[in-house]
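**Student:** Chains R and G, in that order, give the protein sequences. Take any residue in the first sequence, note its place counting from 1, add 424, and you have its number in the numbering used here. Take any residue in the second sequence, note its place counting from 1, add 640, and you have its number in the numbering used here.
Honestly, the hints are just simulated from the structure, not real lab data. A couple of the hints might just be wrong.
Distance windows between CB atoms, simulated [said to hold, decoys possible]:
{"hint": "1", "chain 1": "G", "residue 1": "Ala669", "chain 2": "R", "residue 2": "Leu433", "range": "45 to 51 Å"}
{"hint": "2", "chain 1": "G", "residue 1": "Lys671", "chain 2": "R", "residue 2": "Leu479", "range": "21 to 27 Å"}
{"hint": "3", "chain 1": "R", "residue 1": "Asp532", "chain 2": "G", "residue 2": "Cys693", "range": "30 to 36 Å"}
{"hint": "4", "chain 1": "R", "residue 1": "Val431", "chain 2": "G", "residue 2": "Leu731", "range": "57 to 63 Å"}
{"hint": "5", "chain 1": "R", "residue 1": "Glu717", "chain 2": "G", "residue 2": "Leu735", "range": "31 to 37 Å"}
{"hint": "6", "chain 1": "G", "residue 1": "Arg670", "chain 2": "R", "residue 2": "His510", "range": "19 to 25 Å"}
{"hint": "7", "chain 1": "G", "residue 1": "Leu798", "chain 2": "R", "residue 2": "Leu479", "range": "53 to 59 Å"}
{"hint": "8", "chain 1": "R", "residue 1": "Gly503", "chain 2": "G", "residue 2": "Leu858", "range": "42 to 48 Å"}
Don't be surprised by glycine CBs; every beta carbon is placed ideally from N, CA and C.
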Amino acid sequence: MNTLALVWLGVLTLLSLGMLLLPFVPACFATRQAGSKNADNKAHKDDDWLTPVELMRQQIEHEFAALLSATRNSGSSRGSRRNGTHFIVLGPDDHLAAHLSPSSRKLDSWVIAARHLDLPGEMQCSRPLYAQARATIAHDASIRTVLSAHDVVLGTYARVRRWAHADRRLDAAEGAALYGCASAGGEITLARRVRFERLLAPRIVFGKLAAPSPPVAPTRQPATLPSHAHVLDQRCLIQGDWHLAAATEIQADVVVEGDVRLASNSCLRGSLRASGAVWLETGASVLGAIVAEGGVHLAAHCSIKGPLVCLGALSLGSGSVIGSAQQATSISAHQIRVEAGCITHGAVWARRGGEVLAGSRE
Amino acid sequence: MKNIIIATREAWLRTFRASPFKREERLRARKVWLRFASGLLLAALISSLLWFCLPSLAWLWSGQFEFWQDRIGGEHLGLLGHGYFAPAQRLAAILGLPAPLIKLRLFFEVTPYSLNPQNWQWQVLASLLLVAASFLGPLRRLGPALTWLRLIAGLHVLCLALSWFRGAPLIRHSEHLLALQHFNISLLLITPFLLACSFYLMESSWRRRITGSAAIVLYQIATLPFQVLAHSLLLHLLGPLAAPLLFLLFGPAMSVLAFAALFGWVMSREKPRAIRQRTDAAAPQAEQLVL
Chain R
425 MNTLALVWLG VLTLLSLGML LLPFVPACFA TRQAGSKNAD NKAHKDDDWL TPVELMRQQI
485 EHEFAALLSA TRNSGSSRGS RRNGTHFIVL GPDDHLAAHL SPSSRKLDSW VIAARHLDLP
545 GEMQCSRPLY AQARATIAHD ASIRTVLSAH DVVLGTYARV RRWAHADRRL DAAEGAALYG
605 CASAGGEITL ARRVRFERLL APRIVFGKLA APSPPVAPTR QPATLPSHAH VLDQRCLIQG
665 DWHLAAATEI QADVVVEGDV RLASNSCLRG SLRASGAVWL ETGASVLGAI VAEGGVHLAA
725 HCSIKGPLVC LGALSLGSGS VIGSAQQATS ISAHQIRVEA GCITHGAVWA RRGGEVLAGS
785 RE
Chain G
641 MKNIIIATRE AWLRTFRASP FKREERLRAR KVWLRFASGL LLAALISSLL WFCLPSLAWL
701 WSGQFEFWQD RIGGEHLGLL GHGYFAPAQR LAAILGLPAP LIKLRLFFEV TPYSLNPQNW
761 QWQVLASLLL VAASFLGPLR RLGPALTWLR LIAGLHVLCL ALSWFRGAPL IRHSEHLLAL
821 QHFNISLLLI TPFLLACSFY LMESSWRRRI TGSAAIVLYQ IATLPFQVLA HSLLLHLLGP
881 LAAPLLFLLF GPAMSVLAFA ALFGWVMSRE KPRAIRQRTD AAAPQAEQLV L
């Protein structure tokens with residue numbers, strides 16, 4: 425093979441390699457971009473729930489900021505966005521009902537309110553709602569999303585289809601349904617028979633709170649681990665079921681291959697992992713996390729400090745407290761049933777659904 | 641009694657009350673079916689166009705082969721012969737269409753056809769030594785790639801053993817190159833239907849559908865001759881014993897991998913509206929909730 429043929433052979437080799445590697449070039453660029461994005465995002469916590477909220481805030485600021493400031497002087501306006509969807513921008517003293525015909529029950533426009541937004545009852549909205557002050561969703565209304573810079577108030581049997589966010593407070597009246605995600609910067613209050621899926625707020629109150637009773641510091645005796653427990657450092661493995669007697673406390677991180685029952689006024693100073701179900705009787709407390717493969721059942725006035733994760737159903741008795749104002753936590757369960765008077769701090773995630781019960785079990 | 645009434649009312653509302661979202665869902669389902677039907681139509685159009693252009697494409701590929709043969713080949717390399725794209729004729733017979741005569745060029749068959757025992761023994765020894773060396777210290781740094789190395793070496797030993805028992809190479813040059821071209825042309829013809837069942841369902845813009853499909857199809861048309869040329873050269877250099885390994889690793893598997901990579905790129909292209917939203921708005925500072 426002469427020199428020229430070798431040169432052509434080299435050209436052919438380069439061309440073949442280039443053609444072979446060409447489809448993988450976009451993947452290389454994407455991998456590099458993902459790497460730099462991860463480096464940039466390390467300072468931020470990954471919080472998927474706020475992404476649609478921030479996206480809507482951006483859209484409002486980008487598309488409606490000028491209109492909102494104009495409506496303060498000129499009153500409300502209507503129009504359509506670039507993609508053809510309609511919008512209504514309400515001035516500070518305008519009411520949405522004035523823009524709707526009395527018999528209409530459907531609203532297919534974005535509603536952006538410069539102050540309060542009052543959605544009439546039994547309305548069905550398929551577009552986002554935004555209010556710079558309080559957003560009130562009346563009874564039996566069905567909305568897709570709502571964002572308020574102040575408070576969101578949902579009337580009886582109102583339904584939120586995707587998400588609702590209030591920068592201060594979100595109140596849901598009896599029978600309301602919060603599908604998707606409901607979040608607030610301050611507090612979420614759910615009345616009885618409210619159904620929910622995901623909640624996120626520094627303080628979440630379920631039902632009506634009972635009058636606070638004066639705190640009584642229970643006297644507890646130190647408890648001992650069962651004789652068959654395996655202890656390593658501060659961790660303890662117990663084969664079979666475990667029962668912590670009433671008015672006792674123990675300091676350990678416990679892994680139980682069975683069911684766990686903490687009797688009334690007992691205290692576990694540590695975390696708990698159970699392959700079965702967990703029962704906490706009245707006044708019991710866990711100063712750590714609970715992870716259970718079965719269900720978790722809390723009686724009245726229980727308290728848990730750390731995350732609570734269970735694969736089964738979770739029931740919270742009245743007056744139970746999960747997390748604290750100083751340290752928010754998260755709750756995740758397949759199904760959650762909460763009695764009135766419970767308080768949680770942080771995130772509540774019910775994969776199948778959650779409900780605030782109507783009355784006490786007792 | 642009050643609870644029963646409330647529960648009954650809620651069940652009634654959930655079951656019988658017409659929700660506007662049900663109408664939305666019905667409309668959405670209809671859109672998906674329309675998109676699928678339009679995707680199938682586009683796929684049929686593209687496949688038909690490719691079918692009728694196959695003789696021209698075969699002529700183009702033959703021209704490329706001759707171009708390279710004139711520059712690389714000499715008295716030691718020559719045109720082996722040609723074959724026909726048999727699946728086209730079978731499919732045409734089934735569909736009752738005129739069968740396009742697609743002539744596929746094959747060349748660079750010069751290496752002696754018979755099995756060379758010395759060559760065979762040397763290759764077995766080299767493969768076994770490679771597998772043994774992979775368990776030793778220096779090569780362990782390769783990490784997960786070691787598994788692939790062992791797999792390739794083991795595969796090669798297996799093919800050599802089969803060839804030895806058969807008394808002849810497992811695959812002839814002509815069969816190797818013909819099978820490669822058959823596979824690539826078949827993949828080219830079914831590519832539009834693969835896209836119809838996936839990409840066209842996600843993408844409603846006709847412009848993006850056509851540009852995405854064109855990118856994949858043009859890549860396949862441009863790459864086929866280079867792949868066949870590379871295989872021909874490697875077979876010429878390594879001999880017929882390397883043919884099974886070459887076919888398994890760098891034959892249809894490579895074509896499918898390239899298709900998957902291009903498919904991923906086409907599916908992940910950002911839509912213009914998303915680009916506008918991303919570039920117009922400043923990135924927000926996400927709130928942090930410590931859990």
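**Student:** Run every hint past the structure and note whether it holds.
**Tutor:** Hint by hint, here is what the structure shows:
1. G:Ala669 - R:Leu433: 45 to 51 Å: violated (57 Å)
2. G:Lys671 - R:Leu479: 21 to 27 Å: Check passed, 23 Å falls within 21 to 27 Å.
3. R:Asp532 - G:Cys693: 30 to 36 Å: violated (47 Å)
4. R:Val431 - G:Leu731: 57 to 63 Å: Hint violated: Cβ distance 42 Å, outside 57 to 63 Å.
5. R:Glu717 - G:Leu735: 31 to 37 Å: Distance hint for Glu717 of chain R, Leu735 of chain G is violated at roughly 57 Å.
6. G:Arg670 - R:His510: 19 to 25 Å: holds (22 Å)
7. G:Leu798 - R:Leu479: 53 to 59 Å: holds (55 Å)
8. R:Gly503 - G:Leu858: 42 to 48 Å: holds (44 Å)
When held up to the earlier numbered hints, the structure conflicts with 1, 3, 4 and 5 and fits the remainder.
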